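Chains as they are written, first to last, in our numbering: chain W, 3 to 295; chain R, 3 to 295; chain B, 3 to 295.
In short, the hints are calculated from the structure, not lab data. Please read these numbers as outputs of a predicted model, since none were measured by experiment. Treat the hints loosely; a few may be bogus.
Because identical chains share one entry, a pair is satisfied inside a single copy or across any pair of copies.
Claimed, not checked - Straight-line distance between alpha carbons at most 27 Å, and here's what the computed DSS-like set of lysine-lysine pairs gives:
hint, residue 1, residue 2
1, K132, K293
2, K183, K132
3, K281, K132
4, K291, K82
5, K253, K164
6, K132, K56
7, K164, K132
8, K261, K164
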Amino acid sequence: MALAAGLRLARVLLRPNAGPRGAAPGGLGARCFGSPRVLVEPGPAAGVAVVKLKSPPVNCLSLELLTELIISLEKLENDKTFRGIVLTSDCPGIFSAGLDLMEICGRNPAHYVEYWKAVQELWLRLYLSKLVLIAAINGVCPAGGCLIALSCDYRVLADNPKYCTGLNEVLLGIIAPFWFKDTLVNTIGQRAAERALQLGLLFSPAEALQVGIVDQVVPEDQVQSTALSVLAQWMAVPDHARQLSKNMMRKATVDRLVKQRDADIQNFVSFLSRDSVQKSLQAYLEKLKEKKA
Amino acid sequence: MALAAGLRLARVLLRPNAGPRGAAPGGLGARCFGSPRVLVEPGPAAGVAVVKLKSPPVNCLSLELLTELIISLEKLENDKTFRGIVLTSDCPGIFSAGLDLMEICGRNPAHYVEYWKAVQELWLRLYLSKLVLIAAINGVCPAGGCLIALSCDYRVLADNPKYCTGLNEVLLGIIAPFWFKDTLVNTIGQRAAERALQLGLLFSPAEALQVGIVDQVVPEDQVQSTALSVLAQWMAVPDHARQLSKNMMRKATVDRLVKQRDADIQNFVSFLSRDSVQKSLQAYLEKLKEKKA
Amino acid sequence: MALAAGLRLARVLLRPNAGPRGAAPGGLGARCFGSPRVLVEPGPAAGVAVVKLKSPPVNCLSLELLTELIISLEKLENDKTFRGIVLTSDCPGIFSAGLDLMEICGRNPAHYVEYWKAVQELWLRLYLSKLVLIAAINGVCPAGGCLIALSCDYRVLADNPKYCTGLNEVLLGIIAPFWFKDTLVNTIGQRAAERALQLGLLFSPAEALQVGIVDQVVPEDQVQSTALSVLAQWMAVPDHARQLSKNMMRKATVDRLVKQRDADIQNFVSFLSRDSVQKSLQAYLEKLKEKKA
């Protein structure tokens, strides 16, 4: 239970940032739910927060970012004054680059276990969140970034041809776990998911809308405002009945992971521990470094 | 087994309406399958009946209407001269308003049990009917009305912008049971159902066609004739093979309810017995009364 | 285990056709994987084979054709130099007419068992093949022909209004088994499959593209070249990760049959052994003979 310990520790460390309980929702108090890598800003309406990923340059899902995001979501869920979130990026041009290859390459198995538990926990928390979650995708959104967006209730994508999205893990020689796959199938259906996963397709905004991996494509400067309007529409529905409906739609998918969480971790760790996989990741990282240099 | 008893009683009470067995199919004899709230008229072709819901003003699914509809369907199924039905409304501008709130508000648990059993039985009978069922949706069609249409084999909707359809239960603070959800998912897919159920979407004819909750939208005066043409197309297929194919497609969904029918009733009754739910229904009913006054 | 024995025998019989192992892939050596009814030609690129069904006049899936196709696929799978296949027809105007009615009409139960085992084995081999399979559908493609195409990874159909495709078994008074149904549902979704199976729909190229039963429709003279281009795209993905993704998407469907293979055979044989079914097939065969005469 290294992760549980890690999360407890992180919670303690982050607690000093917390403002006084009972501060006005949507006011300054909202910031107290944030952390260095996860900004939480008050939305324009009561009960709304705008959560911005801020881990430059590309919002890689490092263990730190995952942990902070999980904690911020947990705090927002537990504070009854919040009912809905717009989830977006503070890094220009990118929503999130997905899993952090530095976390899954050249580390030891214990680290892989801890990391994968955090990825699982983030998904579990997002996919069945009681809050309404609207993704305002204001940049490139591959792999784990796409998973985060898919786990929200609705996706608004900026209309920029560079901002493609999809589960492209296969191109790195790794594969999305079954619950990434389930989340995609639930969104775009079996056949489209079959093609997308095997080819590692990254959809342009027009293609993304067509296949249904996003719900709406709007001009880049209207992504957040559109997401806030959509959120207002979802928040017009009685919370309790909406939450039960969401649960009814998504619980079976979540239960599949919950029932085999440890096996899923073992799979992931043993897959990552293969020489061929590590070499393939290493080669990819080298290429990235060359690009930067 | 209050419902079983109730249905037996109803059958006895309704029996005097029945004409002589063996009357010509599609002729006057067809009427004998009807009842005060469920008209059964001979169709223009052999083996066809047009079943019209007639419980003014809005075809609320009262226990009486449910019972009569179940019995009419049972009779038509058991009479081998019938192979297909067009199901439509005799009330201008409305197909059915859905579940009767008077049956689920301010009554005792025993009544809720009896009522819910009848709703279950209607769905079970419709969804796996050996007959071809074509819904001719000639009016507004929300909630339980939509469920009836979804349980048919094909849906023709009148092209009137007022005639919207969908499972909008969530807006009343109640939720569709899992088998309503399954029926919707089977028709429009997981993602569209997820949005529709959580937002309580009522689709206009154009939207309904787009999302696939209906199969065809035609001018209002052609709904019944189109439904009859579609029925003829379905009836051109050998009955036995078609029925087996239908069973193959739908049986798993039906089995999910059959295996937990009692638990589903308990869920429904305990949900309805909550103060918050009763208050929410009460408030809605008051609003309806004010509108009428 | 009549089939297993049959296949073993067939392998021995076919072995003399086999060329020397280790012949250049994509060169003359590719032919050694072929057989009288299944041509295996080298593709234009390394690792590619073009497999052509050649059982005139209409590529009926006789036990011989099934057996030869299974063996050719097995050989190609086991030869690591092959990574992808274009599957097409050598018979003008027809991809495959589907199951061979001569095999399921007027024969004894032991023969039905052997035949059905071969149909199962072909599907199991195609649906989870490690190779990339692209169907180049250059002709009419009903019933079992459609199943073969659906079991590939991608379908390119020639744009000829006569070249329709679908699972139309119901029109002959027989029904597609559950795994034909599952394969169709995985491709076009529950609702479209429900209609298609019950009505025995054969889709024209435009309809086929619309409903998603094929992925692309191209001019007739470009079917094979397009299929080869698509194959190159699929082969650009690392094999191992792509195969694992395919397995993740399709294994549950395959397992459903594997777990009840014998029961499925029993169902098929007992269904075929009914007088009504045999009469219906007989009548259909008579009609076909009259047409030819």
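Hints versus structure:
no.: 1; hint: K132 x K293; verdict: neither (41 Å within a copy, 34 Å between copies)
no.: 2; hint: K183 x K132; verdict: both (22 Å within a copy, 19 Å between copies)
no.: 3; hint: K281 x K132; verdict: between (41 Å within a copy, 23 Å between copies)
no.: 4; hint: K291 x K82; verdict: neither (45 Å within a copy, 34 Å between copies)
no.: 5; hint: K253 x K164; verdict: neither (34 Å within a copy, 34 Å between copies)
no.: 6; hint: K132 x K56; verdict: within (24 Å within a copy, 41 Å between copies)
no.: 7; hint: K164 x K132; verdict: neither (32 Å within a copy, 33 Å between copies)
no.: 8; hint: K261 x K164; verdict: neither (38 Å within a copy, 46 Å between copies)
Comparing the model with each numbered hint stated earlier shows that hints 1, 4, 5, 7 and 8 do not hold.
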